[in-house]
Structure formats: C-alpha cells, structure tokens
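The lines below spell out each chain.
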Amino acid sequence: MTRVAMTVNGKAVTGEVEGRTLLSSFLREDLHLTGTHVGCDTSQCGACVVHVNGQAVKACTMFAAEAEGADVTTIEGMANADGSLGTIQQAFQDFHGLQCGFCTPGMVMSAAALLKENPTPTEAEVRAYLEGNICRCTGYHNIVKAILAASGQSVPAVAAE
Amino acid sequence: MHNFEFVKPSSVADAVSALAGEGAQALGGGQTLLPTMKQRLAAPEKLVSLSGLAEMTGVSSAGGVMTIGGATTHASVAADAGAYPGLAGLAAHIGDPAVRNRGTIGGSLANNDPSACYPAAALGSGATIVTNTREIAADDFFQGLFSTALDEGEIITAVKFPIPQASNYQKFVQPASRFALVGVFVARYADGVRVAVTGASEEGVHRWSAAEAALSANFSAAALDGLSVAADGMIADLHGTAAYRAHLVKVMTGRAVAAAS
Ligand SMILES: Cc1cc2nc3c(=O)[nH]c(=O)nc-3n(C[C@H](O)[C@H](O)[C@H](O)COP(=O)(O)OP(=O)(O)OC[C@H]3O[C@@H](n4cnc5c(N)ncnc54)[C@H](O)[C@@H]3O)c2cc1C
Ligand code: FES
Ligand code: FES
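Chains as they are written, first to last, in the working numbering: chain A, 614 to 774; chain B, 28 to 288.
Keep in mind that the hints were calculated from the coordinates and are not lab data.
All values derive from a computational prediction rather than experimental measurement.
Hints may contain errors.
[To be verified] As a list, the in silico EDC-like pairs of lysine to aspartate or glutamate whose alpha-carbon atoms are at most 16 Å apart:
| hint | chain 1 | residue 1 | chain 2 | residue 2 |
| --- | --- | --- | --- | --- |
| 1 | B | K187 | B | D166 |
| 2 | B | K277 | B | D252 |
| 3 | A | K624 | A | E730 |
| 4 | B | K65 | B | E82 |
| 5 | B | K35 | A | D654 |
| 6 | B | K187 | B | D259 |
| 7 | A | K624 | A | D654 |
| 8 | B | K35 | A | E689 |
| 9 | B | K73 | B | D107 |
| 10 | B | K65 | A | E631 |
| 11 | B | K277 | B | D264 |
| 12 | B | K73 | A | E730 |
| 13 | A | K624 | A | D707 |
| 14 | B | K73 | B | E179 |
| 15 | B | K65 | A | E681 |
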C-alpha cells in the first residue's frame, strides 16, 4: 500500500492505496464521493471525468497514486458555496440536459473544462469537445444547449429537434 | 487488474534503473496501458511512471527541428507545436480532450498501434526517436504491429522532427473507436515529399513510395491520378474491406496534399 495525499474539492485528503487503485475507485470508495460515475471502465464513456490540476481526465484511466499532490475537482465541487447548483449545473436543469443523469457528472466536468479554455464556444466546438462523453438518453442537443447557455450565449435553435 | 508496485522516479536516470528489473514497465499517460491491464492483457509487476519528469516534457524548436519530450501530452503538443502545424493538428485530433490531457507521444510511438496517429507523423517527417541510450531513425523504428526497435526497459526521452515546408494529416475516423480507419501524413521538404500511412496495412505504419516520387515531382493532388494502391496486405474488418482501405489511402493522401500548409 502507498500513502497518497491530494486536495479534493479544496479539502486536503489522504488515503492508503494499492498501485492498481484507480482515481475513480479512490474517489468513490475511499472518499465516498460517488458523484463521479463509472459507466464503462474501458476509457470510452467519459462519465468519470474529473479535473486534475485543472485539466479534464478520465478518473477510471488514471491511478490514484498518479494524483499524489494534485488538486482534484469532482462534480461535488461544482455547486456554489451555499449548496445551490453551479452555473453549468443549473443550465443542465433549465435546458433539460439530462434524463437518467448517469452521464451528467462527466458532461458537466467536460463542459467546465471547455468553458475555461474557450469561454464562448460555437455549437460545433461544444460538440467536438464532448467527443469523449457518451449519453445514452438525451441525443445531446439539450446538453449542447445547456453548455451554450452556461457560457452566457443565446441558445440558437439546435438542429434536428 | 493484477496489482503491481507503483514507482514514481524524479529523473530519467532513476526511471532507467527502476526499469532494469524483471517485470517492470514504463507508464506514460496510461491511456493505452490501463485499459490493457484492466483486460489482463498486460500484468506488469512494477510500473515506472514517467509523467512529471521535467527532462522529458515540453516542445522546443531550433535550427528547423522541433524537439518534443517523450512524456509530453497530446494536449501540450496541440497547444505548443505551432511551428509545425501539421503535427499540432494531428495531436489536436487524437481521441478526446481527456485522453489528450494524459496520453503522451512517447507512449503512442512505443505502443505502435497500427491505427494510431503519431507513428504516421514520425515516419512521415523522417523523425528521430531519442531514447535513454541512442537515436533511432523513424524508418528503422517501426517494425510491424505493436512492435518497435525499442529494447526491454529502453525509454523514449524525446522525438526530433525536421520541420517541413508544408504538411498535413488527414484521418478518416473509425466511427466507434475514433482512431484512424486510414490516416495519411504528408510532409514536403526541400529534398522531397514523404507520405506515411497508418490504419491501413497489416504491416502497420508504412511509407507510400510511389506517391512520394509523384509528389516530389509535382506537389498537387493531381499528381496522384495515375497511381493505385493494391488491396493486398490491407487490413480487412467489419469497419472496411481491404479494397476500401486501399481506396481511402489514395483519397486521404490527395486531401492531405490539398490541405497542406
Ligand atoms: C478513448 C481513446 C481514444 C483514443 N484515440 C486515439 C486516436 O484517435 N489516435 C491515436 O493515435 N491514439 C488514440 N488513443 C491512444 C492514446 O493516444 C494513447 O495515449 C497512446 O497510444 C499511448 O500513450 P500513453 O502515454 O497513454 O501510454 P501508456 O498507455 O502509458 O503506455 C503505452 C505503452 O508504451 C509504453 N511507454 C509509455 N511511455 C513510454 C516511453 N516514454 N518510452 C518507452 N515506452 C513507453 C508503455 O510501457 C506501454 O507499453 C486513444 C485512447 C483512448 C483511451
Ligand atoms: S468510466 Fe471512465 S471513461 Fe467510462
Ligand atoms: S442522461 Fe442518461 S446517459 Fe445521459
């Protein structure tokens, strides 16, 4: 076992992990932050996306030991300080950007990474950025609308409604 | 996944000695190795993490050559390789943003997946693969599917790319994996054009020498008109027949020439 220390959602945390412990397992099973979802475990669905040192990564495809000393943000860190939904989360609710909600944590974390890099993306840029986030329910249009709205842009009539 | 010892060295020298033992393997961004280990197709006893080794990270250019550290992520190459637009553009379209934030050039070249993008850039640029012990020309480095000239425990510390006058990578995306169904990298140098093809051949990444000769004489898509690519030895699977891939090689080469800048 290896001792790891990192900051998760602004709080210093430590834990004992095996070499093979995935960051997703450490977050969910050791820290009980079960908002980070594991949809595929084959690095393809993006439900497990978190930020490590500000960058979107798939938590199922990174060892917890690799996050030693890192600053990690999960979906639990996206709410406002008073517990109300953050801007992107609220936009997902307002624009019906989720149905079952399984993909939503990863969608929100990818959206947050996109808006940090590119505060006013085009619709095409939003779609391209979500390449690694799969949703089985929504057909994506409302997710794209929610992200455009969260960026403060007026939401165009998205095609194929 | 089988358990293993995780080691995080702070220098290339320490990484090399940690890799010396039986059962040790390098860990780059883990974007290929982790899925492989989950399937138990790989079960190293010790993983030596190369991420965070400053000596192996970053992009720099001098004297017409771009040098990229072996542990540099795809996202960093996309952002920092502006002096070589064909290469930056290739890196910007590998996988998805989260994969690009972890995956590294060294890991991609060492893995030599027959559908991966970077092998086409390295071969198409006549790059030099720099390891902890030697320098290997790209023409000698790739040795068929998932096989390279690297010895056991040898690590890619950097890759040196001669910067071409014009270049472009065209990737016909396999719709499920988003890897290249066929990808073609074209680079035009003062002394001739290089064309490297990935995704197509059962032998892995390779040069298309007939196209290189035609394009060296006349750098335009029309120069390819008289050429054809044989279906023999092309990959055939549910995503495309061998003849389809052979056809795509020519189409994507033409598009790369037309788009080269
Ligand atoms: C969803 C998804 C989509 C992807 N799409 C694409 C795509 O479109 N195009 C594409 O080209 N790739 C794609 N990839 C693969 C991705 O680019 C990987 O990052 C890359 O192939 C491996 O790099 P890595 O740093 O993650 O290596 P790892 O997975 O850490 O290692 C791979 C192999 O290389 C060895 N290794 C790692 N670093 C070094 C080094 N410096 N020196 C020597 N050996 C080393 C390891 O021991 C291992 O054998 C995709 C991956 C995923 C998960
Ligand atoms: S659970 Fe990580 S990508 Fe699907
Ligand atoms: S809302 Fe159900 S998977 Fe996206």
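Which numbered hints fail: 3, 4, 5, 6, 7, 8, 9, 11, 12, 13, 15
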